[in-house]
Amino acid sequence: MASVPKLDVGVDYKEKYGFFFPEDYVFKAKRGLNEEIVKEISYMKGEPEWMTKFRLRSLEIFRKKPMPTWGADLSVIDFENIFYYLKPAEKQSASWDELPADIKATYDRLGVPEAERKFLAGVSAQYESEVVYHSLQEKLTKQGVIFLDTDSALREHPDLFKEYFGTVIPPADNKFSALNSAVWSGGSFIYVPKGVKVEIPLQAYFRINAENMGQFERTLIICDEDSYVHYIEGCTAPIYTTDSLHSAVVEIIVKKNARCRYTTIQNWSTNVYNLVTKRAMAYADATMEWVDGNLGSQITMKYPSVYLMEPGAKGDVLSIAFAGKGQHQDAGGKMIHVAPHTTSTITSKSISKAGGRTSYRGHVKIYPGANNCKSFVKCDALLLDDDSRSDTYPYNDVDAENVTLGHEATVSKVSDEQLFYLMSRGIPRAEAETMIVNGFIEPFTKELPLEYAVELNRLIQLEMEGSVG
Amino acid sequence: MTLTAQTLDQLQGEPGWLRERRESAFATFEKLPNPSKTDEEWRRTDVSRLDVGRFSKLEHLDGHKLILPSALPPGVILEPLREAAKNHPDLVQSRLFSLVHADRDRFAALHAAFFTGGTFLYVPDGVVIDQPIIGQHFSHEAGTSVLPHTLIVAGKNSRFDYLDEYIAEHDDEAGYRTGSTEIFVDEGATVGYVAVQKWGRDVWHFSDQRAELRKDATLRLFNVTLGGKFSKTRVEASLAGEGANAELKAIYFASGEQFFDFHTLQDHRVGNTRSDLLFKGALSGTARTVYAGLIRIEKHAARSDAYQANRNLVLSDHAKATSIPMLEIDNNDVRCTHGATVGPVDPEHLFYLRSRGIPEATAKRMLIQGFFGDVLDRIPFEHARKLVESELERRIG
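Line by line, the protein sequences give chains B and E.
Each position in the first sequence, counted from 1, maps to that position plus 204 in this note's numbering.
Each position in the second sequence, counted from 1, maps to that position plus 200 in this note's numbering.
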C-alpha cells in the first residue's frame, strides 16, 4: 500500500494535515481589499503595467458584482477580514533542502517529496500566495514543456502568457473570478508543445498555513495540437476557528486532437470556503477530462466546465463529493456545446453523512447550430443517515437539431438487499458497508493514478468504520 | 380599457368574503411587478410582451358547461364555483385559494381576483361515482379573458373521475386564459383528474394546479397541453399523509411557434408516500418547451418513493426543449430516481420501419404515436383517453 497520504475524509485530518507552523513571512499584506493592496501585490511581483491595470479593472468588477444568491450560503464571508497576499519565502527553490525549515517540514509531513520521487514528472508546491518549490524532469524541459508557477511564466514567457491569460475565464465571468483576477498569485502555468505526450502526471500541491488567509492561485494550461498532459492538484490547510477563502481560477486550452486530464483531490480543512472557477476550451477532436474529487472544505462551489468549440471535441466530468458534518459540497459540471458533432458526459457521485449536504448542479447547453451533439449526465447520491441531504439541479438546454441528451439520477441509502447479500456471505456489517461505498465511488477511483486510488479507498474505509448503521 | 377594481363590479351576487378576497388579490396583482428574467422560474419564460390590460373583458360570468352522469349520488355537490361560494360557504370558504396562493405571482393574483367560470365538486365520504364528470370551458371571442377555477373536494374513501376541457371556439382568437385547479383528496379517496388544454393558438395561458393528499389517498392527475402561443402550467402535489400516492402525468405537443412551460413539484411531507411523474412531449416547427420539476423529500419523510421523468421528442431542426429535473432529498431512507431526455426520432427505428416498406412520413407518425403510447395508457379513464387519442391523431397526422 502506498504510504503517500494525499486523501482524507476527515477522521485524522487534524493529526495528518491540521498542523500549522508559526508565521514567519517575508511579506504579509494588510487585511482587507482595496486599490492599494492590489497595487502592492502587483508591485511586489514586479509585474508589467498591463497586468496591474488588469488587476485594478478586475477589482472594480468584483465590487460591482452582487454575491450569488443561489447555491450555498456565502453571506458569512467577510472580505475585509482576509489577508490577500502572503509571501512565505524570498525566492523559489528547485530543491526541497533550500526551503525554509518549517515549509520543508510541512511538505515532508504531507509526503509531497516522497510522491515526487515515486511517480511524478514535475511538482509545484504553493505555500500561501507563492509557489515555493518547483521542479520538472529534464527530459520534459528538453521537449519544450513549460511547467512553471504562473508568476514566473508571466516574467519568462510574456507573449505566450498574454495570448491566453484571461481568455477562457474573463474577470467579469462571476464575482469570484473577478476577485481572483484582482489578487491572483501563484498557480501553475503549463504549455505542452505540439505532439508532446507527458506520460507521467504533473502535480501541484496547495497549502494554506495562516489564519484568515485567502489563496487565489491562477492556473493556465495550454495543450498544443496532438499533445497530452495529466495534471493533479491537491490541497490542505490547518483547522482554525475562523474561515479561510480559497478562490482559484483555472483556464485550459486544449487544441486540435490534444487531450488534457485535470485531477483535483480537494481536501481543505472544514473551515475553508472553496469557490473555484474552472473552465476548458476544447477544439477539434480534442478531449478534456475533469476528475474532480471534493472531500474537504466547509463550502465548495465548483462546476468544472468544458466549452466544446469545434467538431469532434469531447468533454468529460467525473465528480465525486463527500460531505460530512457541517459541510456543503455544491459541485457538478457544465458542458457547453458550441460546435456540432461534439459529445459530453458528466458522472457525479456524492455521499452525504452526519448532516452533510451534497448538491449536484450542472448545466448542459447546446447552442443553435451545434447539431448532432450527444450529452449524457448521470448523478448518483448515497445518503448514509437521515440527517444528511442530497440535491440535484441539472439544467439542460437544447437549441439545436438532432441532439441526444440524457439525464439520470438516483438517490438512495446503502441498500438493505446488497447488505444482506454480503452479510449472508459472512462479511461483517461494517465491512460490507465499506465495500458498498467503495463500490459506489469505483468509477472515480479507477480513474486515479494507482497510488491515489489505494489511498482513497483506505481513507474511505477509515471514515466508514463504525460510522454507518 | 384595463382591468380595474371596477371590473369586479360585474361579479354581482357574491358573498362578502369572496368579494374581499378578490379585492385583496387585485391589490396584490397591482403591487407585484412582472416576473423578471433574473427570477429562476422565469429565466426561460418570457412574459415581457404580455399586456393583460388588452384582455379586460371577462367571459363566462356564469360559468361553463357540465356533462353529468345521469344521476349523481345523494350528497354530491356539483355547482358553478361562484354559486357554491354562495350556497356552501362552509365547504368553499376555507379551501378556495388555500392550495393555489393568490400572492405567488402577478398572474396567480390576477386569476384569483377575476376568476369566473369553473366548478365546485364535493363528493362526500364513501361515495363512488362511476361515470366521469366533465367540465367544458369554452372561449367565444377574441380579446377576452377566460379565467375558470376548479375546486374539488374528495371525502374519505370516495372515488371518482373528473375532466376539465378548455376549448376554443375559434382557433385563431387572441386572449388571456387560465385554468386553475385545487384538489383536496381526503383519507383513502381515489381521484382521477384530467385537464385538456385546447385553447386557440394565439392565447396566453396560465394554469396552477395543486393537490393535497391525505393518508392512503390516491390521485391520478393527467395534463394534456396543446393550445396557446404561450402556456405555463404548474402541477404540484403535496403528499401530506402516509400511504398517499400521486401519479402526475402529462403529454404535450408543441408546434409552430408555441411556447410551453411546465413547473412541477412532488412534495413528500411525510414518510411512506409515493409519487410518479412522467411528462412527455413532442416539438416541431420552432416550438420551445421548458420543463422544470422538483422532487422534495422532507426531513422525516422516510421510506418515500419518488420518480420523475421528462422525455422530449424533437421533430424539427428549430424546436428547442429545456429540461431541468431537480431533487432535494433530506432523508436517506428513500428511493428517488429521475431522468430527462431530449432527442430526435431514433434514426435506427426509422430505418427499421422504412426497410419494411413504410413511407417515411408514416413511419415517423408511428414512432410519435409509439412515443406517446405508454403514457396514453395511463390516462385514468376511458372517455378522456379517447378524447386525447383523437386530439393527438389530428395533430400528428
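Simulated from the structure, these hints should not be mistaken for laboratory data.
Treat the hints loosely; a few may be bogus.
[Claimed, not checked] Derived lysine to aspartate or glutamate pairs resembling EDC-like cross-links, with alpha carbons at most 20 Å apart:
hint, chain 1, residue 1, chain 2, residue 2
1, B, Lys-518, B, Glu-635
2, B, Lys-578, E, Glu-548
3, B, Lys-569, E, Asp-246
4, E, Lys-429, E, Glu-279
Enumerated hints in conflict with the structure, sorted upward: 1, 4
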